[in-house]
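Chemist: Using the hints, position chain D against chain E.
Chains as they are written, first to last, in numbering that gives the first Met the number 0: chain E, 0 to 451; chain D, 0 to 167.
Worth flagging that the hints you see were computed from the coordinates, not collected in a lab.
Note that the structure is a prediction, hence the values are computed from the model and not measured.
Among the hints, erroneous ones may be present.
Unchecked claim - Okay, derived cross-link-like pairs now, BS3-like style, lysine-lysine, Cα gap no bigger than 27 Å in a straight line:
(1) K291/E to K444/E
(2) K273/E to K97/E
(3) K97/E to K40/D
(4) K40/D to K441/E
(5) K97/E to K156/D
(6) K291/E to K97/E
(7) K273/E to K291/E
(8) K291/E to K449/E
(9) K190/E to K97/E
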Amino acid sequence: MAAAPKIPVEPSYRDIDRSVLRVMEPAGLAYWAWIGFCFTLVAIAAALWVRQIYSGLGVTGLRQPVMWAIYITNFVFWVGIAHSGTLISAILFLFRTKWRTAVYRAAETMTIFAVATAGLYPLIHLGRVWFFYWLLPYPNQRYLQPDFRSPLVWDAFAVSTYLTTSALFWTMGLIPDLANAREAAAGWRKKFYTVLAMGWQGTDRQWRHYSMAYLLMAGLATPLVLSVHSVVSWDFAMAINPGWHSTIFAPYFVAGAIFSGVAMVITLLIPMRKLLGIEDLLTEWHFDNLAKVVLLTSLVVSYAYLTEAFMTWYAGDPMEQMTFHMRYFGPWGWMYWVMVLCNCVIPLLLFSPRIRVNMRALWIITIFVNIGMWFERFVIIAGSLTANLEPSQWAGYRPSITEIMITIGSFAWFLGLFSLFSRFLPIISMTELKEGIVWLRKAIKMDRVKAA
Amino acid sequence: MSTIAIRSSFADETECARAIEELRAAGVGDFNTFSPIPSHKIEHAIGRPKSPVRWLVLAGGIAGVLTGLAITIGTTYEWRLNAGGKPLLSWPPFIVICFEMMVLLGGIFGFLGVLQLSGVPTTATAPGYDARFGEDRFGIVVRCDEEQAAGVESMLKESGAEEVSRCS
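With the rest of the complex left out, here is chain E (with noise of 0.2 Å):
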């Protein structure tokens, strides 16, 4: 792609979309290459799974009694980060935050492909896939049912419903701007985005609807969005397990979410923006505030981690504290503290605000919050497995190498769709920004005046 050129200090709403429009040109042979090499390692995991439903779970790592490990920690991990997507696009909403406008599309897209990347691990983690429809209720010659009492069918509902409601709620959002593609296209790109628009022509007959359906459905989304992290703790404290037997789940998993996800649409923006020619559109003082977030979040994941160390030391019970000595000094400790270190003590750089808009810094602190809360969620859930309430059966778990390609097929295949994206459709938000154009020839203003 071209350089490119510099948007005006006080742009327009013509200037904005140009911006935008520019990244849906048709891309270079580098840009396939990636998507090329991201599908050829989906492809490599993908096969690797196929030889695990051939052979049985075996081909794994799992044994009794750590059979929950890295593929429920992808899925805890992915899930988490699409969090922050709603938070942005959603809840932020509801609060009318000006910065919001020019990141909430490419953090919405993230939740999608997120969520749609957590979803394949419960399938992965089954022994029988093709089984996969027992969690749902449907009639049946047996009168056999789901128990409700279950906080695995509870994530059934609550990941189904925050997989279609994310993306109705994203395609709503994407209509408007796909009609503004529609118009500046040719050839099949312009049949492509005809159909998509579905004939958007931004009446006020169109937007008097549109304007309080999506008010409605951020409404929807704000609890939903709480409510799935909320569930996914609930598959661990519902359980007596030593470790996962916690009120504090809920909040602490919320709040990982968040900080976890924020940190991702970070990882993402900073390389985008450079990559796409965007950097006039998402300003340091975006970043600024995306990083306050994280900075925020991790404040309150490093209060979670104290609280549970309190609560453990504080209610005396042996085989409780048995367990997160093990998670502190044992074999595993290490990573214990690598979370902490990535989660607790890095993030308080950015306290500084010369080392928030200082994106090569931001950058590599969001990479080190990825892999703290990957840890995370790694030392919660296997971590906890290694030693239960019945000593006789503790023991270690070490990932198979399918376990492990197929976390990085994961990377890849989110990756993959993420890059897919943000060259076919708006990446960026057109309607929105124009919206809140004052607040963007704010930063616009801010940015030149510190460049020069």
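Modeler: Relative to chain E, chain D alone:
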């Protein structure tokens, strides 16, 4: 007497909203507007009641709660599983299912409702539509009698319209 359509475009939403107010004050009610953003000023000037899509979302939400109750209670009675002596109808977990179903059906009703009420998907183009109305211009297309046309045109120009033209 034949009816004609007059298209006008505005660079500013405030001027567009003022033009709508003046048209309404002059008794011209048959018009359609286009805008690149949802504009409260224009919506206020047109003065239509709030969108009924909110009732559809409410209906979807209620239908969701009822579906959740039907699924949980119905399947529990079909498969009477005694889990640790807990009551057969365990309400706290059922609330989770009812809540998720409320959001799911509320969202689906809202989305389908907005499509239905907005008249999309459609292959028809509204009379007077111009590509720039999606980009950076606010448009008003007035349908009126031939004899009213001159008055409407001057009213639109006085309100700040950049272009006023007749279209098919």
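Chemist: Now tell me, hint by hint, if it's right for this structure.
Modeler: A quick look at each hint next to the structure:
no., hint, result
1, K291/E to K444/E, "21 Å, holds"
2, K273/E to K97/E, "22 Å, holds"
3, K97/E to K40/D, "19 Å, holds"
4, K40/D to K441/E, "23 Å, holds"
5, K97/E to K156/D, "34 Å, violated"
6, K291/E to K97/E, "14 Å, holds"
7, K273/E to K291/E, "22 Å, holds"
8, K291/E to K449/E, "20 Å, holds"
9, K190/E to K97/E, "34 Å, violated"
In this structure, the hints that do not hold are numbers 5, 9, in rising order.
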